[in-house]
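S.K.: Read off the chains here:
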Amino acid sequence: MFKNNRSSSPLEGEVRIPSGCAVSAIIDRSGKTMTGEKIIRSIATMHDRSNGLGGGFAGYGIYPDYKDYYAFHLFYNDFQSRKETEDFLNKHFEIVYSSEMKTRKTKGIGNVPIIYRYFLFPLSKKLNNSLMDEEQYVVKCVNRINAEIDGAFVFSSGKNMGIFKGVGFPEDIGKFYLLDEEYKGYAWTAHGRYPTNTPGWWGGAHPFGLLDYSVVHNGEISSYDANRRYIEMFGYKCTLQTDTEVITYIIDYLIRVKKLTLQEIAKVISASFWSTIEEKSDREKREETFLRKAFPSLLINGPFSIVFGFNGGIMALNDRLKLRSMVCAEKGDKAYISSEECGIRVIEPELDRIFSPAGGQPVIYKLKEAE
Amino acid sequence: MVIVLNESIDFRALNKRIRGTDEHKITLNGCIGQRYIGTGVSDKQIEINGTPGNALGAYLNGGEIVVHGNAQDATGDTMNNGEIVIHGNAGDATGYAMRGGKIYIRGNTGYRAGIHMKAYMDFKPVIVIGGRAGSFLGEYQAGGIIVVLGQNDDGLPIINNFCGTGMHGGKIYLRCNALPHKIPEQVCAKKIRGCDDKELSEIVKDYCKCFFGMNYNELLDADFFVLTPNSENPYKRMYTDN
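Chains as they are written, first to last, in this note's numbering: chain Y, 1410 to 1780; chain G, 366 to 607.
Calculated from the structure, these hints are not laboratory results. Some clues are possibly wrong.
Distance ranges between label pairs, derived from CB positions [to be verified]:
| id | chain 1 | residue 1 | chain 2 | residue 2 | range |
| --- | --- | --- | --- | --- | --- |
| 1 | Y | LYS1740 | G | ASP518 | 51 to 57 Å |
| 2 | G | ASN414 | Y | PHE1497 | 31 to 37 Å |
| 3 | Y | ASN1538 | G | PRO545 | 31 to 37 Å |
| 4 | Y | GLN1545 | G | PRO599 | 54 to 60 Å |
| 5 | Y | ALA1703 | G | MET486 | 50 to 56 Å |
| 6 | Y | PRO1758 | G | GLU412 | 16 to 22 Å |
| 7 | Y | GLU1759 | G | GLU388 | 26 to 32 Å |
| 8 | G | GLY534 | Y | GLU1693 | 33 to 39 Å |
| 9 | G | GLU412 | Y | LYS1593 | 38 to 44 Å |
| 10 | G | LYS570 | Y | LYS1694 | 42 to 48 Å |
By construction, the Cβ of each residue, glycine as well, lies at the ideal position given by its N, Cα and C atoms.
With the rest of the complex left out, here is chain Y (with noise of 0.2 Å):
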């Protein structure tokens, strides 16, 4: 668990934080690469939707010439946790690279924990003596350096994408992650955060990940509890309290284990009202009503706007109640996602389509090729 010993001010997972926020991403479906360079426009552009306590980005395909291995990304607060951390990681992986995260002094960011960078996959010995497939250990070890070693925090764990994050304004994070010069991927999310009772810690900052899954989110889910104890009888560890957390994990686990479609994910996640199946066709009842007696507990309740990101593409969601503002456009092979329509406009004045998804209506955007 990483422990922050520079401040006496409490951490994420020892106080609860509502939280506010910004989303936006984009996606460019014929798989063609840009750099962080717009999405840093996008969501500066929704500035006062944030209050300088967290910012992230997530990138899709930026690192095609390790795109085999398992891109670990970890903060570290001190050489003592990297030591501990570098061990574990030894003795369960082949790491084939390794370096500190490259990093540009930018105004407004401070206080910044050691940051490093791991290409790696698991060592097929200790693999087959486990008795899991590849994904489930991965996510075991990354559940364990968060768990068990002090001031060490894993925020990025998949194949051929990165998250990057920190405490400060999100146009000042992606500056400094040098987003706009050194990374170019098919797809970008980004968040901006306002927490309105925060300790500000650069792992609580969105988005979050496991796996290539990533999520940010702005809303403040009233299930929250609910949700958390049906998904940590799966194995989960939810050590932070916050809503992202817990959504990361329950559409990780309706994904890779449960093998739901995301259309299916959003019918139990953002399921309708009884009375809304009531009115739909003999067939959308069946399904609807299926998957919302199967899991039950995965209702989120509560304000969220949701952009879930994978290997292929990006999703969108909204509670069932819309009770957080989103917008969707498109223009060619190139789609957008935002809280607000100037996060698209500013990138992308002229656009083939825009509309504002319904409550619990999921646009999803893939690349060409995996559709």
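Following the hints, position chain G against chain Y.
M.R.: For chain G alone, coordinates are given in the frame of chain Y:
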């Protein structure tokens, strides 16, 4: 006065200039997400090219705001008087707690348009939506008039779920032959011919003056549903099942 905007111009600086000028007519070009434009203003004519930010014309007390583009959320929040004309779509919570004046939208609006709208003596707020409205239209409506004309071409119904939930005053006119969704038991719906309703006719006539190509006779020569609170069945228990 013409003000050229871009993403780096902060809403505070912009609104200070709008409030500070003696000029009546103000044009904003390249507007991109600046919030609270025209807040509390009484006597200006503001024309906006671009995408104004949330709470456009909040507490507006008179004058006129015209948007060539789409408006975001909470347009006309608690507005008191004046007119907001939007030549595109408006986002969620349009006319939130509005208590006077008019909001005319050419396109669609999002969730919760007219939420908490109210009327008092001569103050009778009006929202007219050319296209369709999202769920919870007129939620907790206490007064004023909402008109939805259903001129959208995206194939979606004129209203979505939970229209008029918690409504206890005012009127909603929906231009359609059949209601696409159930309405709450505490609200009653009556089918009328548009041209037979004098109040509606006057509103639609005024609306059509703002938008080129909107035909007043054609719009009114159609069936409308009028939604009003059902005094026979007041709220006793809860706001919604579930």
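S.K.: Hints first: check each against the structure and report whether it holds.
M.R.: Now for the hints, and whether the structure bears them out:
A beta carbon spacing of about 20 Å between LYS1740(Y) and ASP518(G) contradicts the range 51 to 57 Å that was offered as a hint. At about 58 Å, the beta-carbon gap between ASN414(G) and PHE1497(Y) misses the expected band of 31 to 37 Å. The hinted range of 31 to 37 Å is not satisfied by ASN1538(Y) and PRO545(G), whose Cβ atoms lie roughly 59 Å apart. The hinted window of 54 to 60 Å between GLN1545(Y) and PRO599(G) holds, with their beta carbons roughly 57 Å apart.
For the pair ALA1703(Y) and MET486(G), the beta carbons lie near 55 Å from each other, so the given range of 50 to 56 Å is met. Take PRO1758(Y) and GLU412(G): their Cβ atoms lie about 18 Å apart, and the range 16 to 22 Å holds. Range check, GLU1759(Y) to GLU388(G): Cβ separation about 31 Å, and the 26 to 32 Å hint holds. Taken as a hint, the range 33 to 39 Å holds for the pair GLY534(G) and GLU1693(Y), whose Cβ atoms sit roughly 35 Å apart.
Remark: the range hint 38 to 44 Å for GLU412(G) to LYS1593(Y) is upheld by a beta-carbon distance near 40 Å. Distance hint check: the CB atoms of LYS570(G) and LYS1694(Y) are about 43 Å apart, consistent with the given range 42 to 48 Å.
Taken one by one, the earlier hints fail for this structure at numbers 1, 2, 3, listed in ascending order.
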